[in-house]
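Protein chains in written order, with our numbering: chain A, 257 to 1105; chain B, 49 to 246; chain C, 32 to 319.
A few of these clues could be false.
[What the hints assert, rightly or not] Lysine-lysine pairs mimicking DSSO-like chemistry, simulated, CA-CA at most 30 Å apart: (1) A:Lys343 - A:Lys434; (2) A:Lys400 - A:Lys971; (3) A:Lys391 - C:Lys71; (4) C:Lys71 - A:Lys550; (5) A:Lys507 - A:Lys343; (6) A:Lys507 - A:Lys345; (7) A:Lys391 - A:Lys971; (8) A:Lys971 - C:Lys71; (9) A:Lys550 - A:Lys400.
Hints listed in this document are in silico derivations from the structure and should not be mistaken for laboratory results.
Small disclaimer: the values here were computed from a predicted structure and weren't measured.
Listed here are the chains, written in short residue letters.
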Amino acid sequence: MTQAPARPVASGVAAKLVGQSVPRKEDLALLTGTARFIDDIRLPGMVYAKILRSEVAHARVRSVDTSTALTMPGVLDAMCGADLVGKVKPWGDLMQDLLVGDHTPFAVDKVLYHGQELAAVVASSRYEALDALEKIEVDLDQLKAYVDPEEAIAPGAGLIQEGITYEFGDGNIFDRYKVRIGDIDVAEEEADVVVRQRFTTNRQAGAALDPHGCIADFDSFTGVLTIYSSTQSIYMVRDVLADVLQMPRNKVRVIIPEVGAGFGSKAQIFPYEVIAAIFSMRLGRPVHLVLTRKEIFQSGTARNGQVRYAELMCKRDGTITGYRDYIIHNTGAMSVWGNQVLHIGTNVGMLPYPIPNIRVDGDIVHTNTTPGGALRGFGIPQMIWAKEQLVDMAAAELGLSALEIRSRNVVRPEVFPFRTPMGHVIDSTTIYDCLQKSAEAIGFEEHTAHPTPYEGIGLAVSMKYTSCRHPSFDTDQSAVRLRLETDGTVTIYSSDVTHGQGHATMLSQIVADVLGVGFEKITLAQPDSLNSPFGLGTYASRGAAVLGTACRMAAERLRERLLTIAAHVLDADIASLEMSNDRVYIARLPDSGLYLEILAGIVAYRTHQLPPGFEPSLEATATYDTPTEREGADGSGNLSVTYSGAAHAARVRVDPETGLIRIVDYVMAHDTGVVINPLVVEGQHQGGFLMGMGMALGEDYLYDDEGRLLNASFKNYLAPTATDMPELDHNFEIPAPSLTIPGGQKGAGESGTGPVPAAVGNAVFNASGVRFTSLPITPEKMLLALREKERQGLSVFRFPDDMPDFTGPRTHAEWPEPDLSESVDFDWDSFDEIEDLELDDLGDVDGAP
Amino acid sequence: MQDVTITINGDIVTGTIDERTLLLDFIRDVAGKTGTHNGCLEARCGCCSVEVEGDIVKSCNVLALQVAGRSVTTIEGLSKERLRPVEHVTSQSLAGMYAPLEAMGADVNDLHPVQVAFHQCHALQCGFCTPGMVMVMKNYLEENPEPTRDDVRTAIAGNLCRCTGYQHIVDAGMMAAETMRSQPDNSRPAPARPAHDH
Amino acid sequence: MRAFTYLTPSAPTEVVEMLDAHAPDARVIAGGQNLLLGMKDRSDSPAFLVSLGGVSELEGVRAADSGELVIGAATTYATLARMEFTGWHAEIASVCGNLADRPVRTMGTIGGAACAADPRYDIPALVTGVGASLEVLSAQGVRTIEPSDFFLEGGGTSLQPGDLLTAVRFPATEAFTTVVFEKFRQRVFDAALASTVLALRVGDGVIEDLRLTVGATTPRPTVCVTSTAGLIGQPVDAIEPVLVADAAAIEVLGPETSNDPPHLRYQRELIKSVTRRALIRATAIPRS
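Start from the sequences and build out the full structure, keeping to the hints where you can.
Rendered as structure tokens:
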């Protein structure tokens, strides 16, 4: 028997934990290998499913035959698209509110992208399942594939999604997006400088190392389908899965194991979850379906690629007066979130500039590529990549420095809250100070005065949402239920899933401060739809601010209950009571008081000691829905509860012999409001930077002409390694506490990603004279651009420029325009007119006067 | 099918396995140690790294048959002491007597110095790459006790992490190296983490 | 991975017997770092695997009477990286310690890399670059193959079913004054996009032998002849790195055309850069 260690006697008032770099509660299980990720779960009688995926990108399905596969050793079941027609309900883009479903478990009539599901088998072992997949006979009639979104909307392009009529779409245009703020024509006329450029961005994978996967376990006696899934959202999976299978939502139980990151790529339901569920319902056995790395690259979601015809208008003093853009937004063959990426990314991406005149047209386009979707930054890195390079281009034309033009424009109101023309409500910000700090720390002035050959500095600023009222969701809520256990410990039930962000630690810090309970006594319960309160899930950097606020509210409610009981028992005035060191005490006497477990014991087992009529409950629940707005018809609106700020400065070195770009120094100055755990937030920024750097310098989806994904592997998908990274030790927090969020927090998770590609792009231009207009900037592109620039004898050069002969500023008339010819171009300000229109149309059909 | 015996963390494990069984699968499914993770199955991500008699390998790219009869150390083998029973504390008089937080990371009888340093430096977020990262780091620091930060970066170049940006992992490697240098028997507490610049 | 039978011989002759008995469906597995990748994605499906794990003769390094350095085919990169070789042989350890990543180097073997003959791997370039020979055992006995006959022009090797690569024989230290290996890859664990081996023997400041080989850009490493012609007999100072490197790029990839696709143009530039670096490094080393 081991001797119990000496125990410290707690006296006085415990220090507050919010604001401290408390080492994480989560770590021990993860560090010792006892944490259970999806692939670590073993259920009795579990069998293994594998999916056969299309090797071509675009084809008609003539037939899929699983009959031979069914005769293979160990095979228990097999199915394909035709087997499920009419039996499961298609699902789709959240924007369409599930009314239109373009997602099915398998391709039925048509394959739309390389890697789409064609059939699946389930067998006693993984090897048997894989052996059987080889016996499935597939007959496909290949069609021309569209990889380039501009080609997909060119006249005469074949239709990718057939048989689905989207409300606002047309051909391969799935939806349209518009912003109309101020008067862009006047802004253009009155501008002293207009800079224009066509920019393109890459597809990027979340590539969370923990593979996507699930285990479905149907109990035919109770009719309950339990699904363990590696996902970011309990209820998005539950509600959509129940809907697809036409089951009551309380008969679908979603349990979420340890999730090895998501970055947005696990913020939705996937066909494999439906396939595993159906197999389990057909067999009455637990079905394991975890994807391979190749499958995840092929069929997980990827950051939407964009083509932007972007223009920035400025006055002589550098004031930004207008922004115009036509965006072709590649959302892949289908998408759940891809549409909203354009809305949110463009809306929030206007920050940190309060631009008065904005006109944006966007076409959300289907191509025969991997479905687009959420990925850390959600459209903002794409927007910032274009806009922050235009800012540098404008500065150059105006003879201003990159720092001067930004200093003039970043939002810096005298009074908060401040509403920008785009509708953002800025409740606080230090973005100006962040900008100055980043420029100073990178040595901006010194470098400008004494540049080093092939070394360059670039700045970029962005502000990032902290939560999001998505256009499809008129909600932005998270919830927490707290339970004081009968021994004085506390359990947190959360609506949102932690998958690396450290919710257990962050929420425990809040609870510890409010209830005075020891940090080590607090446990975060596993996410489980049968126990967790309802909320949207972990995305949009909502954790600390939205979930944290729900947690603070719940803790305050529980505190109120406990104080009421203590006041009764101690016969004290409730106002004189404090909580700390696991007890309630009278303020002047911190070493006395009632332990929480005594109070819990009273509620649970000695209820006669309660105040008369007091409900004996040890629980408190709170749901926090942010005071955000729905997107307006003109595209404006305050979609986020508050905005964190990020000013980044990059110093890069270009190797003129190999094209290799090294980031040799990188400064991140952030406003993350009140930081609950500085070390965790620093880690979020560093991780956000990695994802931005990958987007800037290497990560991309490479397709051949027939739409085959060529690099669905970490072998040639260039995820950054430790040796590619700069030392990220120049991090600064300049907090402006949010005035809207009770604790003052702002979103941390994605703040570090937004400015990175633009800061790197600007630095590369500064180093080499090459203005890259497309991402990623690979060593190959860098070296070829340098050689081409030398060949042409230019000092500055845009690469790759689609109009190489171009010399002067382009006019707006030269850009392509969205083609509205075939669709109904209604007035977005009034939905009444749609109804009128429909009535008129009906009139015509009937031949009525 | 074939009988194979491999010693895993000191335990002799025997299984009748399909020849195709990877060392990774043997560890996870035969020995039941799921701390070694499958992140890519193509010897790239490094999540499956384990030691075979002191040498580090990616267990997803080694057949179990290739290491038959040999000894393997996995992440679970680094902190065997932690498996001793935990006293359960319930009475009111013991309130506040749960092990203080610091003990979780600083009790070096429980954790390997690399694990301690990862905890103290916040070198893990989702934690999926962590077992492989810790194994490679330990293996490297035993070979080179006085690395530079660049050495540490090169040593873990075969291990991907998508969460941390690697900065805190390199911090942890340097901290662990210091601990391991100062106490080869791992019996003294780790040095405090240097203050961070915010 | 498709099913296979795993065989565990203990002597090279036994390996050859097994390979013959099951030809052409048998493959040798040493570290398996390349083979298993193909087997897992089912692009490679041997029915029999003949393991070298128990064939200790094939591991290790010895000096032959001729002065040659004989490296057993199943010797791992990790072992070689730790060796303290003399003279230019140190470059072998350096190359083996700077490819793939730490765990892969534990298992990966020099013979495995030679047999995989992936043009982007470093070993084929190094072997070709220093003119090492490959010792092969078969039922017909032992034969020694020069790299130009071992690595086929269109890719792959000349090994036949039933052949076992037993050793790589590197020339003696006296063969070269210096050997320099240079490569470029984007990430540390990526295979090379271009590599150059420069093997140089200098006596009294005069070039006695010079062998320039470019790897990773052609199906097998290319030994540059025309771009280095006339250098032997010249003083070391006569080497003009830029001119030689530019000529090497043309020799390896042919003359530039205006239709060259971007990747070809990039390879050309990289060959110039790594070759220039190799030449500068080699000629800066003190000449005996």
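Requested in this report: Assess, step by step, whether the Cα of A:Lys343 is no farther than 30 Å from the Cα of A:Lys434, and give holds or violated.
Outcome: violated (37 Å)
Query - Satisfaction of hint between A:Lys971 and A:Lys400, Cα-Cα up to 30 Å - result: Satisfied, since the Cα-Cα distance of roughly 28 Å is no more than 30 Å.
Query raised in the report: Does A:Lys507 pair with A:Lys345 here, judged by a C-alpha cut-off of 30 Å?
Result: holds (17 Å)
**Report entry** A:Lys550 paired with A:Lys400 [C-alpha distance capped at 30 Å]
**Finding:** holds (23 Å)
Report task. Assess, step by step, whether the Cα of C:Lys71 is no farther than 30 Å from the Cα of A:Lys550, and give holds or violated. Result -> OK: C:Lys71 and A:Lys550 at ~12 Å, within 30 Å.
Query raised in the report: Is the hinted pair A:Lys507 and A:Lys343 satisfied, with a Cα-Cα distance of at most 30 Å?
Result: holds (18 Å)
Query raised in the report: When you check the alpha-carbon spacing of A:Lys391 and A:Lys971, does it fall within 30 Å?
Result: Status holds; Cα separation ~28 Å.
Requested in this report: Sort out whether C:Lys71 lies within 30 Å of A:Lys971, counting only the CA atoms.
Outcome: Distance of about 14 Å is within 30 Å: holds.
Query raised in the report: Given the proposed pairing of A:Lys391 with C:Lys71, does the C-alpha separation stay at or below 30 Å?
Result: holds (17 Å)
Checked against the numbered hints given earlier, this structure breaks only hint 1.
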